[in-house]
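Mapping of the sequence shown onto this note's numbering: position 13 corresponds to residue 20, and the numbering continues sequentially without gaps.
Check the hints yourself; a few may be wrong.
Stated by the list, open to error - Subject to a maximum C-alpha distance of 16 Å in a straight line, what follows is the list of computed EDC-like cross-link-like pairs (lysine to aspartate or glutamate): (1) 223 <-> 24; (2) 96 <-> 203; (3) 193 <-> 160; (4) 96 <-> 121; (5) 140 <-> 151; (6) 49 <-> 84; (7) 91 <-> 146; (8) 174 <-> 205; (9) 96 <-> 194; (10) 217 <-> 24; (11) 95 <-> 64; (12) 178 <-> 144; (13) 223 <-> 157; (14) 96 <-> 64; (15) 49 <-> 24; (16) 49 <-> 64; (17) 95 <-> 146; (18) 95 <-> 28; (19) 96 <-> 160; (20) 140 <-> 157; (21) 217 <-> 235; (22) 140 <-> 205; (23) 178 <-> 151; (24) 223 <-> 160; (25) 140 <-> 194; (26) 75 <-> 36.
Worth flagging that the hints you see were computed from the coordinates, not collected in a lab. None of these values were measured; they are calculated from a predicted model.
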Amino acid sequence: MKTKNTANSQLTVQTLDFLRDLGQNNNREWFHANRSRYEAAKSEFEGLVGRLLNGIERFQPLPNTNVKDCIFRINRDIRFSKDKAPYKKHFAAAVGPGGRHSGRVDYYFHVQPDGETFLGAGMWQPTPAHLAKFRQEIDYNVDELRGIIEAPEFKAYFPEISGESMKTSPKGYSADHPEIALLRRKELFFIHRYSDQEVVKPDFADELVKGCQLIKPYCDYLNYLFYEEQDETVAL
8 MKTKNTANSQ LTVQTLDFLR DLGQNNNREW FHANRSRYEA AKSEFEGLVG RLLNGIERFQ
68 PLPNTNVKDC IFRINRDIRF SKDKAPYKKH FAAAVGPGGR HSGRVDYYFH VQPDGETFLG
128 AGMWQPTPAH LAKFRQEIDY NVDELRGIIE APEFKAYFPE ISGESMKTSP KGYSADHPEI
188 ALLRRKELFF IHRYSDQEVV KPDFADELVK GCQLIKPYCD YLNYLFYEEQ DETVAL
């Protein structure tokens, strides 16, 4: 059964204020003293994610997907980090079939004050096998990908590209390859940022749904390339 609480589905200034204050007081004593603020902010975020799930399901099935399965914990894993701050300074969720552990390319949503809120999706930390598939597809048929990421509406909404690129050419591809810039990409993740004023608008969830629908063809492209092609090969 899906749990999509949308009772408090609008983020307020109080949620952004909590996250800003947490960033300045990132310790357990302050957090526990302000737990009621955290619970209120978390409830708002859960409500927003519930509205986001409802909106996405208008154009993409999300079987067995609960709000709680999409949301990341606010606690940081500090076991192997030099930064021992115990909490993240943001709320985040990944939306795909089954939630954040879908195992596919999905939508990532990150709420952080002072203009750091964003929606993004794409190739991020791919396996060597997935990266090889991506480069092979660029070499053989770049037109499909370019048709998606160079569409005017896509470029207008997702102007920011995040991720690493190689400084040299990947093995097997010459430096004068016409698509060398794409072939050098190790990650290709597209981002749309939102101002704090946009985040607290009543229709912000609808804006997020719009962004997800715009980037869905790119997610579909990668998911087919990384997973469905493999599944079809196994089936044969």
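The hints, checked one at a time:
1. At roughly 32 Å between alpha-carbon atoms, residue 223 and residue 24 are farther apart than 16 Å, so this suggested pair is violated.
2. Proposed proximity of residue 96 and residue 203 is supported: the alpha carbons are some 15 Å apart, at most 16 Å.
3. Taken as a hint, the residue 193 and residue 160 pair is broken in the structure, with Cα atoms around 25 Å apart against an allowance of 16 Å.
4. For the hint pairing residue 96 with residue 121, the CA-to-CA distance comes to about 11 Å; that is within 16 Å, so the pair holds.
5. About 14 Å separates the Cα atoms of residue 140 and residue 151, which keeps this hinted pair within 16 Å; it holds.
6. At most 16 Å may separate the alpha-carbon atoms for a hinted pair to count; residue 49 and residue 84 exceed this at roughly 19 Å.
7. As the CA atoms of residue 91 and residue 146 are separated by approximately 43 Å, the hinted pair breaks the 16 Å bound.
8. Restraint check for residue 174 and residue 205: not satisfied, since their Cα atoms lie roughly 37 Å apart, outside the 16 Å limit.
9. The straight-line distance between the Cα atoms of residue 96 and residue 194 is roughly 24 Å, outside the 16 Å bound, and the hint therefore fails.
10. A C-alpha spacing of about 26 Å is found between residue 217 and residue 24, which places the hinted pair above 16 Å, so the restraint is violated.
11. With a CA separation close to 29 Å, the supplied pair residue 95 and residue 64 exceeds the 16 Å bound.
12. Proposed proximity of residue 178 and residue 144 is supported: the alpha carbons are some 15 Å apart, at most 16 Å.
13. Pair hint residue 223 plus residue 157 holds up; C-alpha atoms about 14 Å apart against a cutoff of 16 Å.
14. Proposed proximity of residue 96 and residue 64 is contradicted: the alpha carbons are some 29 Å apart, above 16 Å.
15. This hinted pair checks out: residue 49 and residue 24 have alpha carbons roughly 13 Å apart, not beyond 16 Å.
16. For the suggested pair residue 49 and residue 64, the alpha carbons sit about 23 Å apart, so the restraint of at most 16 Å is broken.
17. Restraint check for residue 95 and residue 146: not satisfied, since their Cα atoms lie roughly 39 Å apart, outside the 16 Å limit.
18. At roughly 12 Å between alpha-carbon atoms, residue 95 and residue 28 fall within 16 Å of each other, so this suggested pair holds.
19. Distance restraint check for residue 96 and residue 160: the Cα-Cα separation of roughly 31 Å exceeds the 16 Å cut-off, and the hinted pair is therefore not satisfied.
20. For a cut-off of 16 Å, the pair hint linking residue 140 to residue 157 is broken: about 21 Å separates their Cα positions.
21. Our distance criterion of 16 Å between C-alpha atoms is broken by residue 217 and residue 235, whose separation comes to about 25 Å.
22. Taking the CA atoms of residue 140 and residue 205, the gap is about 38 Å. The hint is violated against a cut of 16 Å.
23. With a CA separation close to 23 Å, the supplied pair residue 178 and residue 151 exceeds the 16 Å bound.
24. Under the criterion of a C-alpha separation no larger than 16 Å, the hint pairing residue 223 with residue 160 is consistent with the structure, at around 13 Å.
25. Taken as a hint, the residue 140 and residue 194 pair is honoured in the structure, with Cα atoms around 13 Å apart against an allowance of 16 Å.
26. For the given pair, residue 75 sits about 26 Å from residue 36 by alpha-carbon distance, which is inconsistent with the 16 Å threshold.
Violation of the numbered hints given earlier is confined to hints 1, 3, 6, 7, 8, 9, 10, 11, 14, 16, 17, 19, 20, 21, 22, 23, 26; the remaining hints are satisfied by the structure.
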